[in-house]
Every structure is written in structure tokens, then in C-alpha cells.
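All chains should be built: construct the whole structure from the sequences, respecting the hints.
Protein chains in written order, with this note's numbering: chain A, 1 to 263; chain B, 1 to 263.
There's no promise every hint is true.
[To be verified] Just so you have them, the derived chain A footprint on chain B, three or more residues with Cβ under 8 Å:
no., segment
1, 93-99
2, 156-168
3, 190-197
[As the list claims (entries may be wrong)] Straight-line alpha carbon distances no greater than 16 Å define the calculated EDC-like cross-link-like pairs of lysine to aspartate or glutamate that follow:
no., chain 1, residue 1, chain 2, residue 2
4, B, Lys98, A, Asp125
5, A, Lys98, B, Asp234
6, A, Lys263, A, Asp169
7, A, Lys133, A, Asp2
8, B, Lys15, B, Asp125
9, B, Lys34, A, Glu152
10, A, Lys57, A, Glu32
11, B, Lys261, B, Asp234
12, B, Lys46, B, Glu69
13, B, Lys46, B, Asp73
14, A, Lys11, A, Asp125
15, A, Lys98, B, Glu69
16, B, Lys98, A, Glu76
17, A, Lys34, B, Glu47
Just so you know, the hints here were simulated from the structure itself, not pulled from any lab data.
A quick note: this is a predicted structure, and the numbers were derived from the prediction, not measured.
Backbone N, C-alpha and C fix where the C-beta goes; we use that ideal spot for every residue, glycine too.
The chain contents come next:
There are 2 protein chains.
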Amino acid sequence: MDFSSIDKYAKSLIKEAGHRIRNSFVQDIQVETKADANDLVTNIDKEIEQFFIGRIKNDFPDHRIFGEEGFGDPVEDLSGIIWILDPIDGTMNFVHQKRNFAISLGIYQEGTGVLGYIYDVVNDDLYSAQQGKGAYLNDERLPDLTETAISEAMVGINSTWLTPNRYIDHEAVIQLIRDIRGARSYGAASLEIAYVASGRLDAYVSMRLSPWDIAGGLVIALETGAVASNFHGDSANLLQSDSFLIANPSIHPLLLDRYIKLK
Amino acid sequence: MDFSSIDKYAKSLIKEAGHRIRNSFVQDIQVETKADANDLVTNIDKEIEQFFIGRIKNDFPDHRIFGEEGFGDPVEDLSGIIWILDPIDGTMNFVHQKRNFAISLGIYQEGTGVLGYIYDVVNDDLYSAQQGKGAYLNDERLPDLTETAISEAMVGINSTWLTPNRYIDHEAVIQLIRDIRGARSYGAASLEIAYVASGRLDAYVSMRLSPWDIAGGLVIALETGAVASNFHGDSANLLQSDSFLIANPSIHPLLLDRYIKLK
Chain A
1 MDFSSIDKYA
11 KSLIKEAGHR
21 IRNSFVQDIQ
31 VETKADANDL
41 VTNIDKEIEQ
51 FFIGRIKNDF
61 PDHRIFGEEG
71 FGDPVEDLSG
81 IIWILDPIDG
91 TMNFVHQKRN
101 FAISLGIYQE
111 GTGVLGYIYD
121 VVNDDLYSAQ
131 QGKGAYLNDE
141 RLPDLTETAI
151 SEAMVGINST
161 WLTPNRYIDH
171 EAVIQLIRDI
181 RGARSYGAAS
191 LEIAYVASGR
201 LDAYVSMRLS
211 PWDIAGGLVI
221 ALETGAVASN
231 FHGDSANLLQ
241 SDSFLIANPS
251 IHPLLLDRYI
261 KLK
Chain B
1 MDFSSIDKYA
11 KSLIKEAGHR
21 IRNSFVQDIQ
31 VETKADANDL
41 VTNIDKEIEQ
51 FFIGRIKNDF
61 PDHRIFGEEG
71 FGDPVEDLSG
81 IIWILDPIDG
91 TMNFVHQKRN
101 FAISLGIYQE
111 GTGVLGYIYD
121 VVNDDLYSAQ
131 QGKGAYLNDE
141 RLPDLTETAI
151 SEAMVGINST
161 WLTPNRYIDH
171 EAVIQLIRDI
181 RGARSYGAAS
191 LEIAYVASGR
201 LDAYVSMRLS
211 PWDIAGGLVI
221 ALETGAVASN
231 FHGDSANLLQ
241 SDSFLIANPS
251 IHPLLLDRYI
261 KLK
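Dropping the structure here:
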């Protein structure tokens, strides 16, 4: 399989999709809700997923596509080549801010991440990686992550997890906030993973992410040395929603041991 | 006083300072701490403040300058014309991320905000306003804020205020997080105020901000209809640190009444 050609193809497709999204800003965007009142989807999310699927099905008929909006294939295993796509990650930001959202795409072969992309559409920043060949922000290679201390760490976390909840011990998360240098919340998982990959955050924690939120970012972040797992310390889940922790390798074990305690 | 000329002058000065900051990325940045281990300052913050002061003192010798790093004038009243400056708002982001920081500048005459600027240096986005003449993002006029509901609001707030603290009832803040659509935290007050001015956030809450954090943003946000106060509902404080709430006018009273309860 010539993944360098697929890399060029995927980048071109992503840039074209980004162009379509930017053009949508002058249209009326139709917003609907999904699982709950704050789980948004728009006609643009759907159109962009269909755009990807149409092209990929035409050009790579043997590949499967696993997409957030459900227009792709039913995926119950990771055999063959699978494109795992979120056409707009951070739909709430897309709707309210017209920025701080991304296209997230990972291409996996027999369960191994081979190519990964996170495209910050409005800033025209493309994070990308090919397995074993390093990660890039546009044309610039991202350096390997260097050691950090928890006391100097910047952590991306949704503020909900500091409040009493069914899933994790919020008191331990409050202690985390006290022990680190700063917490941030951007509302787009893929961008927060890209920030960990590029050292702008030292960790990103989320209670519940879907495969399309993490598939692209995992390939990128592993290339700069980040460590990813669920809250049990197992490999990130590419078939269903799960908890997710990605961090600088020097603090990942401590985060898991001391601060992220499942109930 | 010809404020349109001062506006052109200030914009030019800010763009030049931004250029100097971007150039600093290739240098070694020296980081020191101020009030506590997470209150950072760098040689670049200091150099940029001194750059502004040198120019303004030369070209407007009668004006006073009130700056975060303390190289300006001692300011105990708001008489005359005062430039209120934060050379780098969001120093932690500047150090760790090399983005998500801003130059913040307000020009006040006898205590009234006449000109305001927030310059997102890395994105080259300049928010600006002249009192009574509307607010702009670069060359594009920002529309007036439209009504919103608390259930659809996006609120900028540091996660610290969801945890037990000396200043406010954190239980009420937890309820706020449950009632709104989403919380965000970017770590740069001026940018979060710019987001409120441009409708990307519907409110921004902070327990403790200094005059230079808010001076530029106030002029801009008032032009699009945002309402600002401290947590008592009094006018924002331009002489010393205080609590700060800025919001879409349709939710400001509710935020103050129901969710922000001083101890």
C-alpha cells in the first residue's frame, strides 16, 4: 500500500473540505440536537461527511469509512483500511464561534494508525503525521516532547469533571487543578490532542470520546512521544466511546495513578 | 483632541509591537515568577511595555501610561489622558503555547474609555473600537449582540471557581455550568472579553482582574452592547484589581442575581 500517495490525497481532500466549510459561513446553518440539548449537529457536518465519503468510496472502493454522522460503514472490527472521520469536531464552537473546530481524520490499517490529520479550518493549520515519519504542523516538524513536572503542566479538561458526577472522583480532579500550572478548555477534543502533540498542553483528559474524536490525533501525538490510554490504562478505544487521557510521557503515569480515579 | 489620529497611531504601534513579539519566538525567552509560582513574567513582557512607553512619552508627553509591568506612571486617579496597557495578556499561554495571548490597550480621557484595542498577535486579529463609532475585528464591523438564553450560553470561566474557594459560592457556579450550553477557558482575559464583544462567548467571569486586563476590552465590548460590572454590580474598576463580569445584556442581570454569589 502506497501510504505516501494516500497522504497527499487525504491532505488535498481535507483542504477542499475546509474550503467548503469556510464557504458555509455565508449560508444559513441549520442546527439540530442529537443525544441531548447541547449535543449539536448541523447540515454542514452532514454535508462534509458525505463529501468525504463520496470521494473516498469512488477512489478507494475497498476502504471502509467510520464517520461521526453515520453516513459511512457499520464498523465492528478494524480489519483492512478504515478512514475514521469527524467532519467537524467541536460543532458547538462551529455554531457559536465560527472557529475553534477541526476536521479530524485517521487512516488505520488492521487497527494500526498509519496516517493522522487534524485541520484547524479557520486558522488554516494542518497537523499531520505518517506513522514513523514524524508529526508536522503545516510544513514544520513538531519536536519530540520534553520532560515536564506536574507543577508546571497545562492541562485541557472540561470543567464539568470538577463537579460531582457519576464517573470519576471530582475531589481528585480538584486536587489536580490545584497542583498544575493552569487548566484550559477549548471544546474541541481533536484540537486539544493536537495541542498535546505540539507541547502547548501537557495533557488532555476527557470522560467520554468517540473513535472519530481521537483517531487522527493519536497518530500525530504518538509521533512526538505522547502517551494515550483510557482511564484504566488500556489502549485508546477505536471501536466505541470511552474515557481518554493523553499526556506528556513524564506525567501520564502520575495523572492516572493520583488524579483520575474512576468510581 | 483628535482621537482619530491617535487611533491610527495606536494601531500602528500595536502592530509594530506584535511584530517584535513574533520575532521574540526565535530568541530564548527568560521566564520569572511574580506574586506566585504560576504568575509569570518574561523579558519580552518588559521589553514590549518599555517599547510602548518610550514611543508614547516621546509623541504624547502629556499623556500618562498605566502598565502591568510597572514601567509607566503611578496612577491613582483617571484625570487627563491615560493609556492603560498590558503588553502581553496571557503570559502563561505566551510561554507555554506561543499563542492565545494578546496586547491589550485602552485609552481613557477623564475616566471615559475613548479607544480600545485587543491584538491577538499570532492570529494577526486586531479588535478595536472608538467610543460611539462601533467595534471592529480587523476591517469588519462587529454586529450588535442579539438576545440569548442562559440555556444556550457559552461562558468563559476559569475552572478554579468551581472548586471551594474564599471568594464566591462555588455551588452556584456549578449550577451555572449545568444550566449553560458550554464553558470554555482560554487563559487570557482580554481575548475572552473580545470573544464576548464578538458574540463567540456570551459571558466571561473572573474573580480578580487588573485595570490593564480590561481597559481595552471594555471600550470594544460596550460598542456591541455588552454589559460589564464587578460582582456587586458596580462599574468595572480601572484603578485597582476587582472581580469582573462581562456579558450579553440579556443574561448579565441573571448571572449576577442567580449564579455569582460573593461570600
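Hint-by-hint comparison with the structure:
Judged by the Cβ-Cβ criterion of 8 Å, the segment 93-99 of chain B is covered by chain A as claimed, because 4 of its residues qualify and three suffice. Using a Cβ-Cβ cut-off of 8 Å, 7 residues of the segment 156-168 of chain B lie near chain A, which meets the minimum of three, so the contact claim holds. Using a Cβ-Cβ cut-off of 8 Å, 1 residues of the segment 190-197 of chain B lie near chain A, which falls short of the minimum of three, so the contact claim is violated. Only pairs whose Cα atoms come within 16 Å are accepted, and lysine 98 of chain B paired with aspartate 125 of chain A is accepted, the gap being roughly 14 Å.
At most 16 Å may separate the alpha-carbon atoms for a hinted pair to count; lysine 98 of chain A and aspartate 234 of chain B exceed this at roughly 32 Å. Restraint check: the Cα-Cα separation between lysine 263 of chain A and aspartate 169 of chain A comes to about 6 Å, which is no more than 16 Å; the hinted pair holds. For the hint linking lysine 133 of chain A to aspartate 2 of chain A, the alpha-carbon distance of about 14 Å falls within 16 Å, and the restraint holds. With a C-alpha separation of about 10 Å, the suggested pairing of lysine 15 of chain B with aspartate 125 of chain B holds against the 16 Å cut-off.
Proposed proximity of lysine 34 of chain B and glutamate 152 of chain A is supported: the alpha carbons are some 15 Å apart, at most 16 Å. Taken as a hint, the lysine 57 of chain A and glutamate 32 of chain A pair is broken in the structure, with Cα atoms around 27 Å apart against an allowance of 16 Å. The straight-line distance between the Cα atoms of lysine 261 of chain B and aspartate 234 of chain B is roughly 14 Å, inside the 16 Å bound, and the hint therefore holds. Of the pairs offered as hints, the one joining lysine 46 of chain B and glutamate 69 of chain B holds, with about 6 Å between alpha carbons and a cut-off of 16 Å not exceeded.
A distance of roughly 15 Å separates the Cα atoms of lysine 46 of chain B and aspartate 73 of chain B; the hinted pair therefore holds under the 16 Å criterion. Of the pairs offered as hints, the one joining lysine 11 of chain A and aspartate 125 of chain A holds, with about 12 Å between alpha carbons and a cut-off of 16 Å not exceeded. Only pairs whose Cα atoms come within 16 Å are accepted, and lysine 98 of chain A paired with glutamate 69 of chain B is rejected, the gap being roughly 34 Å. With a C-alpha separation of about 41 Å, the suggested pairing of lysine 98 of chain B with glutamate 76 of chain A is violated against the 16 Å cut-off.
Of the supplied pair hints, the one linking lysine 34 of chain A and glutamate 47 of chain B is violated, its CA atoms being roughly 50 Å apart against a limit of 16 Å.
Hint compliance for this structure: hints 3, 5, 10, 15, 16 and 17 are broken, all remaining hints hold.
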